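K.L.:
Letter by letter, the chains look like this.
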Amino acid sequence: MEVLKIATAGSVDDGKSTLIGRLLYDTNSLTSDKIEAIEKTSKQKGYDYLDFSLATDGLVAEREQGITIDVAHIYFSTNNKSYIIADTPGHVEYTRNMITGASTSQAAIILIDARKGVIEQTKRHFFINNLLRVKEVVVAINKMDLVAFSEEIYKTIKSDFHKLLKERDYQEQRITFIPVSALKGDNIVHKSETMTWYSGQTLLEHLEVLDFKDIYNVGTPRFPVQSVIRPKIDAFRDFRGYAGKVYGGELSIGDSVLVLPSKAKTKIKSIYFYDQEVQTASRRSSVTLTLEDEINISRGDMITKLDNLPVISKQFAAKIAWMDRETLKVGNKYVIQHGVNKVLAKVDRIHHTINTDFSGIVETVNELDINDIALVSFKLNKPIFYDAFKNHRTNGSFIIINPQSNTTAGAGFIQ
Amino acid sequence: MKNTSHINPLENEAIYIFREVVAQFEKPVLLFSGGKDSITLVRLAQKAFYPSKIPFPLLHIDTGHNFPETIVFRDRLTKELGLELIVRHVQDSIDQGKVIEESGRYSSRNALQTTTLLEAIEEFKFDACIGGARRDEEKARAKERVFSIRDNFGQWDEKNQRPELFDMLNGQIEFGQNVRVFPISNWTELDVWSYIEREKMEIPSIYFAHLRKTFIRDGMIWTNDDAIVFRDEEEVVKERLIRFRTVGDMSCTAAVLSAASDISSVVQEIRDSTISERGARIDDKRSESAMEKRKQQGYF
Chain C
0 MEVLKIATAG SVDDGKSTLI GRLLYDTNSL TSDKIEAIEK TSKQKGYDYL
50 DFSLATDGLV AEREQGITID VAHIYFSTNN KSYIIADTPG HVEYTRNMIT
100 GASTSQAAII LIDARKGVIE QTKRHFFINN LLRVKEVVVA INKMDLVAFS
150 EEIYKTIKSD FHKLLKERDY QEQRITFIPV SALKGDNIVH KSETMTWYSG
200 QTLLEHLEVL DFKDIYNVGT PRFPVQSVIR PKIDAFRDFR GYAGKVYGGE
250 LSIGDSVLVL PSKAKTKIKS IYFYDQEVQT ASRRSSVTLT LEDEINISRG
300 DMITKLDNLP VISKQFAAKI AWMDRETLKV GNKYVIQHGV NKVLAKVDRI
350 HHTINTDFSG IVETVNELDI NDIALVSFKL NKPIFYDAFK NHRTNGSFII
400 INPQSNTTAG AGFIQ
Chain V
0 MKNTSHINPL ENEAIYIFRE VVAQFEKPVL LFSGGKDSIT LVRLAQKAFY
50 PSKIPFPLLH IDTGHNFPET IVFRDRLTKE LGLELIVRHV QDSIDQGKVI
100 EESGRYSSRN ALQTTTLLEA IEEFKFDACI GGARRDEEKA RAKERVFSIR
150 DNFGQWDEKN QRPELFDMLN GQIEFGQNVR VFPISNWTEL DVWSYIEREK
200 MEIPSIYFAH LRKTFIRDGM IWTNDDAIVF RDEEEVVKER LIRFRTVGDM
250 SCTAAVLSAA SDISSVVQEI RDSTISERGA RIDDKRSESA MEKRKQQGYF
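Order-wise, the sequence lines are chains C and V. Here numbering that gives the first Met the number 0 is used: the first residue of the first sequence is 0, the next is one more, and so on. Here numbering that gives the first Met the number 0 is used: the first residue of the second sequence is 0, the next is one more, and so on.
Bound conformation, chain C alone (with noise of 0.2 Å):
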C-alpha cells in the first residue's frame, strides 16, 4: 500500500475546505461523532448544507475569519492507498505556510473558481508547486454548479491556464483539470450526473491510479550521517555504526562508497536496520552503516557511490523563498542548513526577483521581503555537497536560518 502525500492550496472561498471534507465524507472516512459537530455548527450558523471547512479550519482565528492561516494535515484511506493532505493557506501572507506543505507533497490540487477564473492566486498556487517541482498537479475547476455547468467556462478556463505553460519560469509538469461541484460532490468520488461532456477520472479515481514510484528514483544514493553510534557496551564493544536516512537510491552490503569531505574510499560492511541486518537499504529508509575501514566520520557528512558525485563547493546559486519578515541584503550572514549539515553562509548577490504570476522578473533588486522569490548567490564558510534541485529533491534543497531569531527564514532550491 503506498501513501501519497497532496497539498492543497486555495482560500475558503474557492471552497477548497469544503472540497476536502466531501472526500472525506464520500470515501467514508468522517467518523460520526465529526460529522454530528459538523451538523451542529452548521445549523448554529444557519445554513441550509453541510460546512465541510469546519472539518478542516482547526485554529480559533480560523473559524473567526473564515480563512486557513496554517497547514492542518487530514488523513484518510481508501483500500488502495493512504492519502495525507496538507491543506495550505492560499493569502499571499501565508506564502511561506503554502511552501510547507508542498515541499513533502508528491502531487497537488489546485482550485479554480469557475466564476472568477485564472486569477492572481491561481498563479500564485501554481508558480509555488511549480517551483518546487511536485510532480503532478490536478487543477479541480470547482463550484461549476453556480456557472450551469457550462462546458464553455471549463474550456475557457483551462486554455487560460494553459497560457501560462509558455512563460519562462515554467518547469515541465504532468497537468490535468477536472470540473467539479465539491458542495454538489460532481466529479470528487462520484461521478456528475450533469457535466455528462465531461468524460475523464474523478479527482479520486485520478489520485487513486496515480503512480509515483520513480519520484525518487532520480540521482544516486546520499546517505548524510546524521549521528555516530557507538554503544559502549560488551557485546558491540567494537561497533561504530553511521546512522542516516537513505536519499535517490539504495545502498548495499559490498558497495564501494566515498565519504565527504574527506574522500576516504571504504565499503559498506553491514547494514543494520534495528536488530536485522539487510543486504539492501532502500531508499528513504533510517538505516545504520557499518563501513570495512576506520574513518573519521561526524555527523553532517556523507556517504555516497564512486560515481555520479554530488557537486562539492563553498559557493552556488539558488531559487530562494524568503519567509522572514527581516529583509534579507547584500552581505547580510545567515546559517544554511543543507540537510543535517549545518555552515555559515553570506549573501553574495541577489540577482533578480521572480514575479509568483509568471510575469517575469524584476533585476536591480536591493533586498529581499517575506514571500519574495528570488536567485541569489551565497558563499559558504566550508564546502556542501549538492546536486541540482531539479535532479534531487532532498541533496538540492536547503533552508536558511536566522542566526539572531533562530527562526527559519527561508527555503533554497539549488541551481
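Hints are not guaranteed to be accurate.
To give an idea of the interface, some chain C residues facing chain V are shown, with a C-beta separation under 8 Å as derived from the structure [stated by the list, open to error]:
1) His72
2) Asn96
3) Thr99
4) Thr103
5) Gln105
6) Ile228
7) Pro230
8) Ala242
9) Ser251
10) Ser284
11) Met322
12) Glu325
13) Thr326
14) Ile400
Taking lysine-lysine and the DSSO-like style, the derived pairs with C-alpha atoms no more than 27 Å apart in a straight line are [unchecked claim]:
15) V:Lys199 / C:Lys80
16) V:Lys124 / V:Lys97
17) V:Lys78 / C:Lys44
18) V:Lys78 / C:Lys231
19) V:Lys97 / C:Lys122
20) V:Lys158 / C:Lys231
21) C:Lys264 / C:Lys341
22) C:Lys268 / V:Lys52
23) C:Lys389 / C:Lys378
24) C:Lys389 / C:Lys262
25) C:Lys231 / V:Lys26
26) C:Lys341 / V:Lys199
27) C:Lys231 / V:Lys124
28) C:Lys328 / V:Lys158
Taking CB as the label site, the calculated pair distances span [said to hold, decoys possible]:
29) V:Glu121 / C:Ser255: 49 to 55 Å
30) C:Tyr48 / V:Leu84: 32 to 38 Å
31) V:Lys26 / C:Val277: 31 to 37 Å
32) C:Lys328 / V:Lys26: 50 to 56 Å
It should be emphasised that the hints constitute simulated quantities derived from the structure, not laboratory data. Predicted model only: the values in this text are computed from it and were never measured. We treat Cβ as the ideally placed atom computed from N, Cα and C, and that holds for glycine.
Mind docking chain V on chain C? Use the hints.
P.N.:
Here is chain V on its own, set in the frame of chain C:
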C-alpha cells in the same frame, strides 16, 4: 493481518526525527504516559539508536488519577528495557498550592498536569520533550509542527510557527526555550494499532476487553471510582464488558463497549469504527477549541 507496508515510510520518518532530536539537543526527554502512543515511541527510539540504549530518560507526569494497570505496565517496561524513569506528581503541585484541584461533576486533573510538566522541564533543564501526539487526533493538533517551539512560559504561538520543509528540522532555540517533538505526527490511530500488532508490542491490559464497574453520563461510559471520579447518586453503577481506546486519566477517559480481547480484534474494531478516538475524551468535549486553548498554555 492486513498489509502494513504503508507504515514503513512513517517508521523511517519517526526514526529520522528521533536521531535529529539527539543530535540537535542537549537534554531530550520522552514524555511517557503509559498509553499506546508513548509505548510506540519507546519502540521507535529503540530502533533509532540500536545497538545503543535509548539515550534519554522517560518523564511521566503522574496525575494520581491514572489507571493502576498503566502504572504497573510503566514500571515493568522501563525495568525490562533498563530505561531511566522520572516521575513527577500533580499531587505535589496541588499540595504546594501551585494549582487548585477542580471540583464537581466534570472535575479532572488533566489540565493541572501542565503546571507539573512545565516545572519538571525547568527542574531538569530539558530542551526537547518528545511526545506521542498525532495530527489526526484533533484539529488543533493537525496544525502542529514536528519540532514545535515553546517559549520560556511553555506557550505555543500557533500563528507564528516555523516552516518545516522537506525533511529539514530546525532545532535552533534560545536559552530558556524548549521544543516539543512529535515523531509520530503523521500516524493515524489505525497505523499505531497496526504497528503494535506487527511489532508484537505489549500494552496495558485496559486496552483489551474486561469487566469493569461503570456508569453512563452524557451517553459516555465512565469508570466508577468513588475516590477519583465524581458521580451523582442517581448515576447507577453497573458492570459492563468494556475496553479503553485511549488512555488518559480515569476522570477524563470514557470506555467503549467491546469484546475485543486480543490485538487483532482490537485492530479490526478500530478499522470498523465510526467514532473518532478523541470522541472518548471528555476533556475535549468542553468546547470547540478546548485542545487549542490547552496547547497555548503549554499542555502537551
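K.L.:
Does the structure break any of the earlier hints, and which numbers would those be?
P.N.:
As far as the earlier hints go, 5, 9, 12, 13, 17, 19, 20, 26, 30 and 32 are violated by this structure, in ascending order.
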